[in-house]
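The hints should help you fit chain B onto chain A, whose structure is shown.
Sequence lines, in order, name chains A and B.
Here the first sequence stands for residues 5 to 248, numbered as in the numbering used here.
Here the second sequence stands for residues 20 to 287, numbered as in the numbering used here.
Don't take each hint at face value.
[Stated by the list, open to error] List time: in silico SDA-like cross-link candidates among lysine to any residue, alpha-carbon distance up to 25 Å:
| # | chain 1 | residue 1 | chain 2 | residue 2 |
| --- | --- | --- | --- | --- |
| 1 | A | 184 | A | 82 |
| 2 | B | 89 | A | 84 |
| 3 | A | 84 | B | 54 |
| 4 | B | 53 | A | 85 |
| 5 | A | 184 | B | 241 |
| 6 | B | 89 | A | 43 |
| 7 | A | 218 | B | 243 |
| 8 | A | 184 | B | 243 |
| 9 | A | 84 | B | 55 |
| 10 | B | 53 | A | 109 |
[Claimed, not checked] Looking from chain B toward chain A, a few residues come up when the C-beta cut is under 7 Å (computed):
| # | residue |
| --- | --- |
| 11 | 137 |
| 12 | 144 |
| 13 | 185 |
No wet-lab data here; the hints were simulated from the structure.
Even glycine gets a Cβ: it sits at the ideal position worked out from N, Cα and C.
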Amino acid sequence: MKQAIKGILVPIQDSVRDLLPIIVVIAFFQYAVLQQPIPNLGEILTGTLLVILGLTLFIRGLEIGLFPIGEAMAYGFARKGSLAWLVIFAFALGFGTTIAEPALIAVAAEAADVAAVGGMIENQTDSRQSYALGLRITVALSVGIAIVVGVIRIVKGWPIHYLIITGYVGVVVMTGFAPKEIIGIAYDSGGVTTSTVTVPLVTALGVGLASSIKGRNPMIDGFGLIAFASLTPMIFVMVYGMVV
Amino acid sequence: MQLTRDIFFTLLLTLRDIIPILAILLGFQLLVLKRPIPNLRRTIIGFVYVLLGLGLFLVGLEKALFPLGKLMARQLTDPEFIQHGLDSVSGILQWQDYMWVYLFAAAIGFATTVAEPSLIAVAIKAQAVSGGAISTWGLRLAVAIGVAIGISLGTFRIVTGTPLHYYIIAGYIIIIFQTMFAPRLIIALAYDSGGVTTSTVTVPLVTALGLGLASTVPGRSALIDGFGLIAFASLFPMITVMGYAQIVQWRERKSASHQRKEIPRDEN
Chain A
5 MKQAIKGILV PIQDSVRDLL PIIVVIAFFQ YAVLQQPIPN LGEILTGTLL
55 VILGLTLFIR GLEIGLFPIG EAMAYGFARK GSLAWLVIFA FALGFGTTIA
105 EPALIAVAAE AADVAAVGGM IENQTDSRQS YALGLRITVA LSVGIAIVVG
155 VIRIVKGWPI HYLIITGYVG VVVMTGFAPK EIIGIAYDSG GVTTSTVTVP
205 LVTALGVGLA SSIKGRNPMI DGFGLIAFAS LTPMIFVMVY GMVV
Chain B
20 MQLTRDIFFT LLLTLRDIIP ILAILLGFQL LVLKRPIPNL RRTIIGFVYV
70 LLGLGLFLVG LEKALFPLGK LMARQLTDPE FIQHGLDSVS GILQWQDYMW
120 VYLFAAAIGF ATTVAEPSLI AVAIKAQAVS GGAISTWGLR LAVAIGVAIG
170 ISLGTFRIVT GTPLHYYIIA GYIIIIFQTM FAPRLIIALA YDSGGVTTST
220 VTVPLVTALG LGLASTVPGR SALIDGFGLI AFASLFPMIT VMGYAQIVQW
270 RERKSASHQR KEIPRDEN
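Isolated chain A (complex conformation):
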């Protein structure tokens, strides 16, 4: 019984500790700097409780659901030994998790507004929508390709920094050519593609692959998939901005 209570209380304590900085920052700025009371205090307290409960459940689910399945599949692919299937899986995972990502949908819609105001496309609902959809497909493709490159890199054991630095050079070169209006959105799109469910899965996949392939170090080779997934969208979005 004592064990069970401890099993629930400790993770909740962790979540409270994780959220404490936000509460402190908001309270300080509201009371000390803006010198205003907090509106709807009751609703805000309920919301905070939900956040704490949600974070606790999510972390638990991560440990017993997302991490094990990601690793099990990495071992499965390593044992099967077929690079082709691994590549197809990597692409499906990258493309499939990105195309429906809510943050990306929001950014794509904003990008379409910018493009319309900047005169790159006609300022009509139709052309804005097709521009936004095209952008989403572009970003999803780029994340799919990123995970594929990242997975091949783990299998072959290529050092990550050559690939990343090449990517940076790509970003810098494209910045010189892309329309000025698209640059801010392109840079931001790198950060928004990797969602809360994708990150643990992809991390578990990379670490699992690196630990089941002989000669790979999970620390050196296992991480890095997210880095690729945040880099390629920047290049692809700038290309999209130039072509469309």
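This is chain B only, laid out in the frame that chain A set:
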């Protein structure tokens, strides 16, 4: 009543986001790898936890953090607040007048990063893989400091109106130099930490701050200058995480060379 409805709809939306991922996982596991799901019951419970957890987390954020955070971002960037307490007769705001904004940007960037679930996930993995050499808190603090510096500098950029790509390219050059000197073990993790910081908690608040600032600072356009804060938030954690590893390595080397010096003295 309203609350239960909100929770229900958010859960449906979360389910819609998770289903494609689940379909890909199941399809490949059962059809390509032709293996049963290990610990099926436990895994299902895990996914239910993820779904419930993420749903409640999002409803809570919408109820508590986002309205308040966005309101504060608006109030702090309001020219009336910024002019308050200034004795400048000219009425023209200088970049120094936005000190509270930079401070708020740094504080909120730090605080939201500490609470970011995907960063917690990567930190748990990093601690497990490194055998405890990289602590979850060490990594999370290094990333959070990076985001704080990044967002703060990003708001400064919006206020001054300097081009975004100068900062980003300068950041890249620093990262390339650090890559040459940082311990090899940290490099991939440092690169990853750039992408994971900007997620569920950070993006909405930071976007609100950027758009609020760009629409109130004279001469800025919300559409063009409002973007770019996320890019700052993904760039600087790479620098601070590699920096953290470099400091740890440097201190270890220093103490190691001290020990070496002490040994011969003992022999004499």
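**OP:** Verify the proposed pairing of residue 84 (chain A) with residue 54 (chain B), using a straight-line Cα cut of 25 Å.
**Re:** 11 Å, holds
Original post:
residue 84 (chain A) and residue 55 (chain B): Cα distance at most 25 Å?
Top reply: 14 Å, holds
Original post:
Taking only the CA atoms, is the gap from residue 53 (chain B) to residue 85 (chain A) under or equal to 25 Å?
Top reply: 14 Å, holds
Subject >> residue 184 (chain A) paired with residue 241 (chain B) [C-alpha distance capped at 25 Å] >> reply: Holds, because 14 Å separates the two Cα atoms, which is no more than 25 Å.
Subject >> Satisfaction of hint between residue 82 (chain A) and residue 184 (chain A), Cα-Cα up to 25 Å >> reply: 44 Å, violated
Original post:
Hey, residue 89 (chain B) versus residue 84 (chain A), does the alpha-carbon distance stay inside 25 Å?
Top reply: Judged against 25 Å, a Cα distance of about 50 Å means the pair is violated.
Original post:
Under the criterion that the straight-line Cα-Cα distance not exceed 25 Å, is the pair residue 53 (chain B), residue 109 (chain A) satisfied?
Top reply: 34 Å, violated
Original post:
Can we keep the residue 144 (chain B) interface hint, with Cβ of chain A closer than 7 Å?
Top reply: Constraint on residue 144 (chain B) satisfied, holds at 5 Å.
Subject >> Proposed interface contact between residue 137 (chain B) and chain A, which counts if any beta carbon pair is under 7 Å >> reply: 4 Å, holds
**OP:** Assess, step by step, whether the Cα of residue 89 (chain B) is no farther than 25 Å from the Cα of residue 43 (chain A), and give holds or violated.
**Re:** 13 Å, holds
Original post:
Does the structure keep residue 184 (chain A) and residue 243 (chain B) at a Cα separation of 25 Å or less?
Top reply: The given pair, whose Cα atoms are some 9 Å apart, holds under the 25 Å limit.
**OP:** Answer holds if the nearest beta-carbon of chain A is closer than 7 Å to that of residue 185 (chain B); otherwise answer violated.
**Re:** 10 Å, violated
Checked against the numbered hints given earlier, this structure breaks hints 1, 2, 7, 10 and 13; the rest are met.
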